[in-house]
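S.K.: Each chain, written out:
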Amino acid sequence: MDDFLVIDDVRKSFGSLRAVDGVSLSIRQGEAFSLLGPSGCGKTTLLRMLAGFEAPDSGRILIGGNDVTALLPEQRPVNTVFQNYALFPHLSVWENVAFGLRMSRRPREEIRSGVNRMLELTRLSEHSRKRPAQLSGGQRQRVAIARALVNRPQVLLLDEPLAALDLKLRQHMLVELNEIHKQVGTTFIYVTHDQGEAMSLSDRIAVMNAGRVVQVDAPEVLYETPKSSFVATFIGDANFFTGMPVELQHEGYVRVRVEGLGSPLVLGGDFVSSHEPVRIMVRPEKISLTLKRPESGDRVNAFRGVVEDSAYFGTHARYHIRAGEHVVIAQLQRSRFSGGGINPELGAEVWMSFHPDEGRVVRLEDAA
Amino acid sequence: MKRSRFPALLTLGVVAFLFAPLIVLVVNSFNASRFGGEWDGFTWGWYEKLWEAEEVWESLAVTLKIALSASLASMLLGTLAAYALHCFRSWLQGLHSMLVTLPLVMPDILMGMSLLALFVITGVETGLLTIWIAHVTFCMSFVTMVVLGRLQDFDFTLLDAARDLGATRMQAVRKVMLPLLLPGVLAGGLLAFTLSVDDYVITFFVSGPGTTTLPLRVASMMRTSRSLPMINALSTILITATFLIATLSFRLQRRA
Amino acid sequence: MNGARRRSKEWVITLPSLAWLGVFFVIPAALVVMTAFRPADLHGGVMSGWTWENIETLRDPAWLPIVWRTLWLSSVTTFACVVLALPMVFQMARSGPRMRQFLLLLVVIPFLSNFLIRIFAWKSLLHPEGMLTKLLVHLHLAPENALLLNNSGAVLLVMIYTQLPFAILPLYAASEKFDFQLLDAARDLGAGPWRSFTKVFAPGVRRGILSAVVMVFVCSLGQYVIPQFVGGASDEMLGNKIQQRVFADRNLPHASALAAVLMAVVLLPMLVVTAWQRFGRREDAA
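Residue numbers (our numbering), protein chains in the order written: chain A, 1 to 368; chain B, 1 to 256; chain C, 1 to 286.
With a cut-off of at most 27 Å between alpha-carbon atoms, the simulated BS3-like pairs for lysine-lysine come out as follows:
1) A:K168 <-> A:K130
2) C:K199 <-> C:K177
3) A:K182 <-> A:K168
4) A:K130 <-> C:K199
5) A:K286 <-> A:K227
6) C:K9 <-> B:K175
7) C:K177 <-> A:K130
8) B:K49 <-> B:K65
Bear in mind the hints are in silico, worked out from the structure with no lab data behind them.
Just so we're clear, the structure is a prediction, and the values are computed from it rather than from any experiment.
Excised from the complex, chain A in its bound form:
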């Protein structure tokens, strides 16, 4: 069951551009999986190869043990929810949903019950006679999902499913997509450039960059332990400091000498050696600000800086704090007027501190 959809060393070039450069992935049956990356990273090309619109130059794609690499789109047990939905404008909602079943020449009765059930699931029954042009963005999206799912595909591909919706609708559809996935249990593969979308929709995420998969993990693992600075910046915000490892400690910690910030103690990695510079990563919300030096001994990393800039975002506030040549971003998760913590002014001198478990060494070479 672990290897339901297998992508085996797939490559695809357009001219001199290596769009997909040797991608291998195994996706479980029923999993909600995301391909996440910036535009041009190859995620859309990979999706089009899964759907059958592009043929890979080399490599194989297997679904449930069957090699589908050579199959045409109409022959694959895969359906797609297109980015702009690609609903047929000359057909009603009902006929759009029935299209796939009609193409496979199912009996009339089966088409009727299948379409009606799917329209009920997506709460579109009352709109069944309308044309796509008469629907709202969210309704069109649901038609696109119903049109794909009614064929009972083994894999459902969703290309930037929420990109065309406005913010409020997006949050609503996020919940709805999770709901539908739970109900039908089909393998969902999302393609998105939005990390928030990927995190809330998927069981696992493959982060892609320049045609390769950089890291595959569950959302919280990606966030907490990114293996490279690319993943760290792409998923959430991060502060990076480059320095030399000075002391490898037991329990996986390492002390790194950073110009202007002293020698913070952070979580290490097996790739760290004492001769090569490394990069350490700290999330802005993990940094606390105090007016005096925190008194927790040398297990806490603390350094001084001057507040250069601040911005208030309602649920949180962000500060740019200069320490030597570094500008550190710190994020305070509280309202401006609530008690506790500090509310430093511009130009104020503050102490920044973070626990060694909140900083970690990431690979230097993968910087984006």
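Guided by the hints, dock chains B and C onto chain A, whose structure is given.
M.R.: Relative to the frame of chain A, chains B and C by itself:
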């Protein structure tokens, strides 16, 4: 995904079908054989004969005179019509739009026939003037359609921007709108010109003595087998001219 | 700008073209219908007074084959043009921008080339001494004395040839607006190439098909030059009869009666289409 080759092959076939007769025509204009069934050797002879055929060149002069004046007039009327259709929404423009569209789908013979009826009943002598009127009438709608297409792409906030930057209304029209619309108007004029040069049916109905346009001349030459090879030569010249005008018109429309 | 000034400006701009079309398009058409009820004099003129005579003569059953032939030739031409043009515009719209412009230019050149020259080109190709005849005889595809000219096949061929660009251009305009991702969607949902084309592309450009059909059909109905030059005596269409009544018989009222019939035949499908489009648009917008 492998795409079907069928549409590409058919396109190739259609293009061949469209061009084969024209190419044969061009080739035969240099063919010493009278009927062009086989190649009898290269010759400039038909062009020389054509050069000496005074009446052909007289017809060309008549045709050009009409085409130039008719396309100018239809450019003016057509541009005004397009402007009115684009800027106003009223019952008047509903009627206007219907009247402009109808000549586009009216068979030539009906247009010629009805203009002839008008001239016969009002007692107007058919000649240059009646041909000119007929040509303006059917060219105008085509110009309107081309300019209307251009107007629909025109961003009218540009006029507001010009006013905002201190231009008077006239200056805004002259310095911003005209330069942007001019290619469309010229393309419409070129289309009118080619349609006017090309027209046979309508001209045939409203022409009089001494106003034999080029297509009328070609038609009468087609009836005498002696002058058939000369038509090949004449056609080659006309096709070349059409090619140049069409290319020019494409350039104009792409510039925007 | 206040309402009254705007209205007078509208009139000033609209009047030139409106007046021109009124005088040289609407009134002449009305005159034709009127003339159909006038008696003719023997010198090609029109007399005053009213008569049913011109209309009466149309009830002669000898007209039926001509009307039938006109409709039949026009329908076949229309069908052939649309069938040839559809895959072609499909290909054009899927090509890159440079290729697309080039193909469009290739369609426009024959379209703008002189109508008579195009007929002449076919006349000399189909001529007994012409290239095509000789080629076919040489390949033993046609008998030695084959006559490709002066028959209804030649008329049909040249009609299709001259009308094809009229089908391609409106279809091309429609296919440019077609969203080709819909074809991906159709394939994704299990439709093969042929069914994607017939179930998604063809309905997607249906407005273009409609204007192509009207364009080609209406232009074909009024055709007379092609039968005159490449057809035989038994290939005459309604247009030929009109032309003969005007120039050979010099009987304008009789010609007008025929023209009025043709006008009705032309306007009928157009009214149907306009009504259908109005209705269709409302349905899409609702």
